[in-house]
Amino acid sequence: MEIFVDGVAMEAEAGQSILQALRASGRDAPVLCYHDNLTPVSVCRACVVEVEGSRALVPSCSRKVAPGMKIHTDSERVRRSRRMVFELLGSSVDTSTAPELQAYMAEYGADPDRYGEAAARLAEPLRDDNDLYVRDYSKCILCYKCVEACGPDAQFTFALTAAGRGFSARIDTGADTPLLDSRCVFCGNCVAVCPTGALMPSLEQRLRAAGRWAPERQHVAETICPYCGVGCKLELHVQDNRIIKVTSPSDSSVTAGHLCVKGRFGFSYVDGPGEPPPA
Amino acid sequence: MERNPPSATAEAERAAVAAALSRLGWSEAAPPRGELLPLLHAVQEEHGWLSRGCLHELADRMALPFPDVWGVASFYAMLRLEPPAPVRVQVCDDVTCRLRGACLDAMSARHGAPSRFQGHAYPHEAESAAPAAWEAVPCLGQCEHAPVAVVQDRIIREATIEKIEAAMDGHVPPEAAHGLPEPVPGEVRRVLTKRPSALAKAEAMGPAALLDLVEKSGLLGRGGAAFPAALKWRAVAGATGDKWAICNADESEPGTFKDRVVMEELPELVAEGLRIAMLAVGAKNGLVYVRGEYEEAAARLRSTGLRVFRGAGAYICGEETALFNSVEGRRGEPRNKPPFPTEHGVFGRPTVINNVETLANLPLLVLEGAEAFRAHGTERSTGTKLFAVSGHVTRPGLYEVPFGTRLGDLLKMAGGLWQGRRLQAVLCGGVAGTFLGPDALDTPLAFEARSVGSGAVIALDETASLPEVLARIARFFRDESCGQCVPCRVGTQRQLELVERIGSADAGILQDLAAVMTDASICGLGQTAANAIMSALPLLDGARGHPRAGDLNGSVG
Ligand code: SF4
Ligand code: SF4
Ligand code: SF4
Ligand code: FES
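Going line by line, the protein sequences match chains A and B.
Residue 1 is where the first sequence starts when you use the numbering used here, and the numbers rise one by one after that.
Residue 1001 is where the second sequence starts when you use the numbering used here, and the numbers rise one by one after that.
Among the clues, some could well be false.
Lysine-lysine pairs mimicking DSS-like chemistry, simulated, CA-CA at most 30 Å apart [stated by the list, open to error]: (1) K64(A) to K1337(B); (2) K1284(B) to K1216(B); (3) K1337(B) to K70(A); (4) K1216(B) to K1201(B); (5) K1194(B) to K1163(B); (6) K262(A) to K233(A).
These are computed hints drawn from the structure, not numbers from a lab.
Quantities reported herein were computed from a predicted structural model and do not represent experimental measurements.
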């Protein structure tokens, strides 16, 4: 079908989202809550575009294309709403480990400081209650990705939920149950999809806190998980010849980026337990 | 998983859950998820509050993950996740009750600071703390009797500190009086009238003729969005398979009480209206979603044989897709549209959902026909409209007038401004509506004039503090946002912070907030959260003429 993007006619396929059509033509939109392997929840509103005939802006990550659709991705309205989304997030959460969000804030000229010192922020203590990953909800943008990855989009464990509502809504294990007492099976699939570092492997968190997280000294080695016959593809993140983190590529046909606790966290037998020695 | 050790508490919790399940008919089988909210209500009635033990037990009995149950329970203001005070006291601190002298200051002075629901996030810490002696709550939908309080679930109208304290001491307040007042001159009672049943005639007409009738009548939805009823109906009528018709009785817009009065005084109109809708669209399933605080209305509707589903204290559940999620036992978060309810509604089925007042118009329409219906109102806004008039008028109450009636005439019907005062502003359409100044009294009340909204009309006299009213409105949206999308979750918080210091607030930031909330929020709550506040800004800088209250008195000619 034919659609019009910023005045230019282009081809799109039925069933595609506007975002998919944009990407297929080499364009893009900023996204925070969208993930290729998760059902779009369309809650961050970073990806909004203007569609002629529609009163409000529409989320490009989930709205399907329609024949003849006239889409504006760079109008003043679009830029203003996107800037405000990034600004509102920047004014309320700790973005220090959220590089994409930081980049968007810079690109759109967001000024989170203009709300002043008194503006309420998410003030949550670091939840460091197990050996494998930490939760710092003062960084959480409530994108629901962890809930989806833990639930019906990947893991089917249902250990996480959104709780409360409004500005005090939070991601929760249910009554703030510590992870070891919760339903969590420590697959770390929530950690893998978290875009802000609110969920982070404990080792990474400790290295960062000690100022020893050094991306410039890191490389990635690909391999296959040695534990079982599923044969998940692993990316070993190595710093100073020590494995410091394991991920799986989200385009892997075996894993779609998801792993189990063994593949994700069971690597200390290679180098021995504990942190890598200081370089 | 760690649980409470076996103890008397655990025994009591198990027993409470078992009693709730058996009351709702689920002693044997695991209930479906759609029973979650009714069961949470029932467990709370049995146990007094929803302890973690109760919620774990309920999750197990329903075969649901505990976090899911927690996520739902923590969404609703009426569900108590902490032990309540021995005597439960709620005082409305919303716009109208404040205007009518809510005894908030006296309550604070004598009973300490109130608690206020802002979503239960991580309430385990609060569990050990002593509960506040009283709670400040948003509009209870009893604004014609403002100020209003609730002690041990019993409503106190025209509340005073003395009445509240007497009730706290165990003196049960008298039952609320009932009956519609006589119409005042200028009123046209079309909906608010007892009529013979229209059901037999509707059945004889059949679906096709009913759809034509509704289309010819031009009936627009009375919930606030003014969507043509016939369009929704035709879309659902054309769908196949299992279908639903739902009456939206989650009236929670501050200042709005019209649906409550209809349900309490003329419940058979609502029942007939819903049955006519079911007939017209071919829906086998019907349901009324009643706001949790409207216990009396729910009881009256049940007596007509309707299936009644109680909300639990969440303004957002009046948004149709949030309502569906609530009925399905999920958090009351609105869905992205499309898909629209007519195609993918409750339980994924085609659903027609109409407001109480819209449905209450149907018996009259069936009995009298489209011509007679259109004889009242304007070309676009046909028929009559119920207005809930409150605030600084002499006779707050429900008034039925033809669309197109002038705002000033409606205020006159309500006796004009009280105590001979002068008018400062009128809030039309509830807190998601628009402020009009004293120079706008000629505005016709019609959807095309954008002066109707929810049907709430709140008058502010010259003594009212507009900045305080605006701050209360901003707080309402912050407290009632579901929290799902960024523009509304954070935007309503920032709007509140700015409006609280409105004199020095940066108007550019307010405009940016209004833009992102209006343009990029998922649902109508965020999209309208800045309406009233932005419309009030021009009224904030003094110099303008106030008509004298006397100008408003007297009957309409
Ligand atoms: S913890 Fe991370 S993944 Fe989960 S909602 Fe927050 S930001 Fe998103
Ligand atoms: S990550 Fe888990 S499932 Fe995948 S191969 Fe390793 S052990 Fe098997
Ligand atoms: S606009 Fe507000 S109430 Fe509506 S979905 Fe977004 S956060 Fe929820
Ligand atoms: S990426 Fe589309 S709404 Fe978040």
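Comparing the hints with the structure gives:
no.	hint	verdict
1	K64(A) to K1337(B)	holds (11 Å)
2	K1284(B) to K1216(B)	holds (25 Å)
3	K1337(B) to K70(A)	holds (18 Å)
4	K1216(B) to K1201(B)	holds (17 Å)
5	K1194(B) to K1163(B)	violated (35 Å)
6	K262(A) to K233(A)	holds (13 Å)
Comparing the model with each earlier hint shows a violation of hint 5 alone; every other hint is respected.
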